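A.B. asks: Below are the chains, spelled out letter by letter.
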Amino acid sequence: MSVPPQLRLFGVFLKVGILNELEYRVNFYVQLLQSAVGLVIGLAGLGVVFSHTDTLGGWSPNELLALLGIYFLVQGAVQLVIEPSMQRFMEDVRQGTLDFTLTKPEDSQLLVSVGQVQIWKLVNVLLGLAVLGVALSRLQTAVGPGEALAFGVALLAGGVIVYSFYFFLATTAFWFVRVENVLVIFQSMYQAGRWPVGIYPWWLRSALTFIVPVAFATTVPAEAIAGRLSPGTLLLALAVAAAMLAGSRWFWGVGVRRYSGASA
Amino acid sequence: MSPLATLGGELAGLWAAYVARFKVAIGVQFQYRASLVIWLVWTVMESVVYLVVWSTVAQSSGGQVGGYDAAGFAAYFLVTMVVNQLTFTWIMHEFEYRVRQGQLSPLLLKPLHPIHGDIAENVTYKALTSVVLVPALVLLCWAFRPALQPQPWMAAAFLPAVLLAFLLRFLSGWTLALAGFWTTRVLAINQLYYMAMLFLSGQMVPLSLLPGPVQALAAVLPFRWMVAFPVELLLGQLTPEETLAGFGAQLAWIAVHAAAAAVVWRAGLRRYSAVGA
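Protein sequence lines correspond, in order, to chains E and A.
For the record, in the first sequence the residue sitting at position 116 is 115 according to numbering that gives the first Met the number 0, with numbers rising by one throughout.
For the record, in the second sequence the residue sitting at position 28 is 27 according to numbering that gives the first Met the number 0, with numbers rising by one throughout.
If you are wondering where the hints come from, they were derived from the structure by calculation, not from laboratory data.
Check the hints yourself; a few may be wrong.
Claimed, not checked - Counterexamples of contact, computed for chain A against chain E with all Cβ distances above 12 Å: (1) SER104; (2) ILE118; (3) PHE157; (4) LEU162; (5) LEU186; (6) LEU208.
As the list claims (entries may be wrong) - Computed, partial: chain A to chain E, Cβ under 10 Å: (7) THR42; (8) ALA70; (9) LEU166.
Claimed, not checked - Label pairs and their in silico Cβ distance ranges: (10) LEU191/A with LEU128/E: 24 to 32 Å; (11) ARG184/A with TRP201/E: 56 to 64 Å; (12) LEU128/E with ALA135/A: 53 to 61 Å; (13) LEU268/A with TRP201/E: 32 to 40 Å.
All values derive from a computational prediction rather than experimental measurement.
Every residue, glycine too, gets a C-beta built ideally from N, C-alpha and C.
From just these sequences and the hints, can you work out the full model?
C.D. replies: This is how it looks when you write it as structure tokens:
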């Protein structure tokens, strides 16, 4: 059985990331503490809210717990590979060292997207899976194969959308050299994804859906688990994912053509 | 010279030092105009998320929760946003770096205590961020319709309450930052401090909505005097007697923190020179 080259490449970078980080084991404990703080804040927030009400905007406590798990899971995945790779990429543009990437015989977008791994962020991924697992075991209505499939597809679409958005922002580094700060915009908008976007007023809901697409990454997969995801929304998520992936690829091409390299 | 003239001279010198620091800090901050906008998005989002969540809770519990309706929560979280903006401090994220890189040494050579430079920098940043925060606040008021009608004495007492809250929060943050003298792993301490601030100062939820034991904890710790007290005051939840008692508590905590800051600073300096030598 042959492994797709993209996955093999990611595996290599993952291995390098692990080897690099094993030198700095204290960082692992720092990450454990950070994840624990995030978990306590998330759970306590839910606890306080549900000590005053039974449902929040039509969501039951266990459904919101599932949403919290998805929130940690997606955040962990972003911090594990997308964020460090984008930061590395922007640093490469500034220093002109992107040349080394562009001259490699692999797809440059792929190389840039998985080029750096922050391995301890895996803690957040596992934490998200654990919270999601607890939520699933406590949900009254069993999650059937249909819902599970819808959840998988929605999560994949959400992941692609978040990746494309992040990549789009990072690509602007070809024009504006100092853009690390732009990535913080995503992080600050992402904190809204801890709660279902349906509770926000229309202007914020639209922004979280179409400007900074947090809704597709968190609320939509959680709706699938709760059995409330309409086929229309799932199709919309898939369409947005396809469009944004194609858009990010096109934009990358424009950016690379503009890049003049270190020696020019 | 008479003692009075000496004191006057010292104060004038301090003022001149502050003005100089303001100018430098403005120059530094203007390099990072984009980060002002990002900071604004972060601040606004944090407040709006809690505001919306609690308004939704109020709506699903028949219009109100613990005396707050949607407009009441809007008022609470928008005032909290302002108080938080005016009082927050980030020195604990910088100090460890300062010690590790040896940047503290030139500061120690100056005749002025380094805390003055940090206060001036903080105040300048607040002034600059207010320029972007005020328009955002107007828009948020228009979008969320907060119910806020303070009596004149409350508005008058709000200002000193915020000022004392700033002093208290700054001193506590500064004392905490001095941990950087002893350890390079201040991140853990900062995380716990952040969590305590979030829950026990009223940023995440009005303290009266927390479970009983947590409220009891909040009552005996200094955090509520850094944010919740001025907010509750402006929202008209406190009697004049409670307000006076609150000022007393703020002053007492400030005295405790100032003493702690002085003691820890001296101990830290001895430690610092030992490392540097």
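A.B. asks: Are the hints correct? Go through all of them and say.
C.D. replies: Each hint, compared with the structure:
| no. | hint | verdict |
| --- | --- | --- |
| 1 | SER104 | holds, 27 Å |
| 2 | ILE118 | holds, 26 Å |
| 3 | PHE157 | holds, 26 Å |
| 4 | LEU162 | holds, 28 Å |
| 5 | LEU186 | violated, 6 Å |
| 6 | LEU208 | violated, 7 Å |
| 7 | THR42 | holds, 9 Å |
| 8 | ALA70 | violated, 14 Å |
| 9 | LEU166 | violated, 27 Å |
| 10 | LEU191/A with LEU128/E: 24 to 32 Å | holds, 26 Å |
| 11 | ARG184/A with TRP201/E: 56 to 64 Å | violated, 45 Å |
| 12 | LEU128/E with ALA135/A: 53 to 61 Å | violated, 37 Å |
| 13 | LEU268/A with TRP201/E: 32 to 40 Å | violated, 56 Å |
Checked against the numbered hints above, the structure breaks hints 5, 6, 8, 9, 11, 12 and 13 and satisfies the rest.
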